[in-house]
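Listed here are the chains, written in short residue letters.
Number of protein chains: 2
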Amino acid sequence: MARVLTPRAEDFPRWYQDLIAKAQLADNGPVRGTMVIRPVGYAIWERMQADMDARIKEAGVQNAYFPLFIPESYLRREADHVEGFSPELAVVTHAGGKELAEPLVVRPTSETVIGEFMAKWVDSYRDLPLLLNQWANVVRWELRPRTFLRTTEFLWQEGHTAHATEADAREHARDVHKNVYQAFMEEMLAVPVVPGRKTKGERFAGATNTMTVEAMMGDTKALQMGTSHELGQNFAKAFDITYSSAAGSVEHCWTTSWGTSTRMMGGLIMVHGDDNGLRLPPRLAPIQVQVMVVKAGEGVTEAAAKLRDELKAAGVRVKLDDRADVPFGRRAVDAELQGIPIRIEVGPRDLASGNVTVARRVDGSKSPIPIGDIVGAVTSALKADHQRLYDDALAFREENTVDVKTLGDAIEAAQTGWARVPWSAVGEAGEKEANGKAVTVRCLTREDGTMPDSDEEPNLIAYLARSY
Amino acid sequence: MARVLTPRAEDFPRWYQDLIAKAQLADNGPVRGTMVIRPVGYAIWERMQADMDARIKEAGVQNAYFPLFIPESYLRREADHVEGFSPELAVVTHAGGKELAEPLVVRPTSETVIGEFMAKWVDSYRDLPLLLNQWANVVRWELRPRTFLRTTEFLWQEGHTAHATEADAREHARDVHKNVYQAFMEEMLAVPVVPGRKTKGERFAGATNTMTVEAMMGDTKALQMGTSHELGQNFAKAFDITYSSAAGSVEHCWTTSWGTSTRMMGGLIMVHGDDNGLRLPPRLAPIQVQVMVVKAGEGVTEAAAKLRDELKAAGVRVKLDDRADVPFGRRAVDAELQGIPIRIEVGPRDLASGNVTVARRVDGSKSPIPIGDIVGAVTSALKADHQRLYDDALAFREENTVDVKTLGDAIEAAQTGWARVPWSAVGEAGEKEANGKAVTVRCLTREDGTMPDSDEEPNLIAYLARSY
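Respectively, the protein sequence lines represent chains A and B.
Using the numbering used here, read the first sequence as starting at 22 and increasing by one per residue.
Using the numbering used here, read the second sequence as starting at 22 and increasing by one per residue.
Certain hints may be false.
[Claimed, not checked] Between beta-carbon pairs, the in silico distance windows are:
1. A/199 to B/345: 45 to 51 Å
2. B/343 to A/109: 44 to 50 Å
3. A/109 to B/471: 32 to 38 Å
4. A/265 to B/349: 35 to 41 Å
5. A/453 to B/338: 53 to 59 Å
6. A/333 to B/345: 43 to 49 Å
7. B/343 to A/43: 40 to 46 Å
8. A/265 to B/317: 36 to 42 Å
9. B/345 to A/265: 43 to 49 Å
10. B/338 to A/408: 33 to 39 Å
11. B/144 to A/317: 21 to 27 Å
12. B/471 to A/333: 34 to 40 Å
13. A/145 to B/384: 34 to 40 Å
14. B/445 to A/333: 52 to 58 Å
Hints are computed from structural coordinates only; laboratory data are not their basis.
Every residue, glycine too, gets a C-beta built ideally from N, C-alpha and C.
Please work from the sequences and hints to get the whole structure.
Below, the structure written as structure tokens:
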């Protein structure tokens, strides 16, 4: 078979861009750093959204929508926040044919404008916790854009919550981080992640604690797949988000925020993609099974349509491909590129013997299956293929992660994988040294893998890696 | 009962804003003309989106996402388009800390940027029709903003399609207009609409034909609930969207676009709202039934929870309100404000006789119903209440629409309702005269109510009205 993509081993970044183009996932937009998400890519994002949204609602959070334009003065109210975001802002200076009295920032994130409204809506402790989320586009001017991973405009969800106590805020942020984000990535994307705490230097601008879920990409680099922040009382004080307590005193709230974005599309590609294209985890796949007419005639199209109907009735997301005027080979290559988990190839010869061919994207296997057994075979294959993708990604991460004792060894190991090293052997000075060599501390965890309460806890483990 | 809202008859615009505030549907944003859609309002919008999206997909259209920022030069390529939108544009001049070489327009609509990509994606007649839709925010600077109806930023869906022939483009636009838009408004929103053709003066900037669905609000003004446009080859020529035909010649495509927005939220309120608040059509309502504990004790909470479970199992969207610490009257007022179709009031006295009280929002009726009959009673009430809302709105429209023969009579009748008048008695000169008196031609229809193919057809009827 002719090579469709630059092989991963030859040039990983080019393989990534090739895959996105050939699978028709996205195009570059007309403005540098922006992207067009094409129907094949957007259908995957819609499945991500629907599943994530259900988990967010299950956590008791309500969706809302806040404005795109934020008065520049709002961003200035929290010192760390404005300092962190200023270099990335896009600014509207003219509207309605006139120059504006105050320039408007196109939201890079919505802590500030949501803080303003939390202050209006929260009155007493009975109004807390206030748990909000929005699905929206945000803009951060990127100097080195890369499709899905770093784009000037991206799509995301951003949760914003206000609580009466620090303990309640912390518990909420951890609940979302584990039961929404980590669970979604493992159960829906089949991507194993390491949850951990960001160092002070890697925190979100304005946060007192940033938690991350890190995944290893196919080139062993790390990708931050989502983050959850405790914001302490920083935004509550900047925006005067207060409540009257049961005892009658006026107190500042404790707020959190948490976000995941179309960046997950990039992670999905780089964790599961291979030299033939994307491999979609079955729970996520918009089309789980493509029933393909190899060659029309001899009842083939009818048999294929019947299979489609049976699979649909069994709850499988199935598409019939009966485009007999397009060469079968090209259709199969396209299905592989787009990562459709299962192809069922229906041809006259197989059919004569009562079989069809089941081709599984996860491992490239092809087997003849009696036509009467298809529904059972497909449903169990879809289940197994999710696990297979997850297990393979986890095994790959473990093979490429080493435990070391010193900063020097960690920086060296991070050239070709992830290094786990005692945080006490790194520290803030060591972190700077690593950064100078394009290695970052991805996160800190306890030895047993649980989430630290502070960077100062003894015996913390640091993950060092190159990253996107 | 104390009056909650300014009565509709006293001051309709103030009633509208009161309702939006008191029902917690939306707030004004910090930038003039922008809005914050609060959770109660956003849940309604999400239900609109989900149903509309399913209808759009059923029509064979795929979702995608195009960038927020459009190079200013794109808008200039189609002369009518730039002329129509220039006064409403918001412009980004600075980003990433620098002045941009070319200013970026925040999309007021996406014909131009989508045209650019259609040109890349369409090669042969086999690629047609190309049917795309996106859910997005758009920005049009508004001088006289009003929540949901005219906001500087609003949420919408915009369909954009390319076709090989004018006939195919026309058929598609009409199919969406009737089977997606009109059907959605009648079947989901319980809002009767008049589909018709816009006059030349009221067309979308760059269209060769604009079709509208017009609804009568509670003050007898008209609201354009959605529009579908035939764009001819205007954008195809401006963006070079061409295809090679089966015969091998290179031809320009014919394109369409169509959109509906959060403006429908305003229409919903003004069609169905009354002096007690919103009335939600049952199919749309995020919460169809609120089961309310009138007073805790004597097994009331348990009985209410059991009813909630039974209704949920029967597919009803139900919420249990057991906040015994909040006065029952206040909870009932809030449920009315928010338009929840049915309240089931569970109290100790009723329960002792085996009954609960079913209160229907549509007509304010209250009846005792044996607790064993609730599921059946609720499901048939929800069905009937949709019809009731639709029928009432239609009857109101008919009562307030008059047939007249002359322009003068039409303008006079339009002060207090809608006028139907022969288009030949109005014409472009008459339209300008009417506009001078704040009356517009809402649309043209044939005498039998079907959609005209041109403004020049004989015997067309014009609808004249004041409008939002």
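Legend entry - Unmet hints by their number, sorted upward, for this structure: Hints 1, 3, 4, 7, 8, 9 are the ones this structure does not satisfy, whereas the remaining hints hold.
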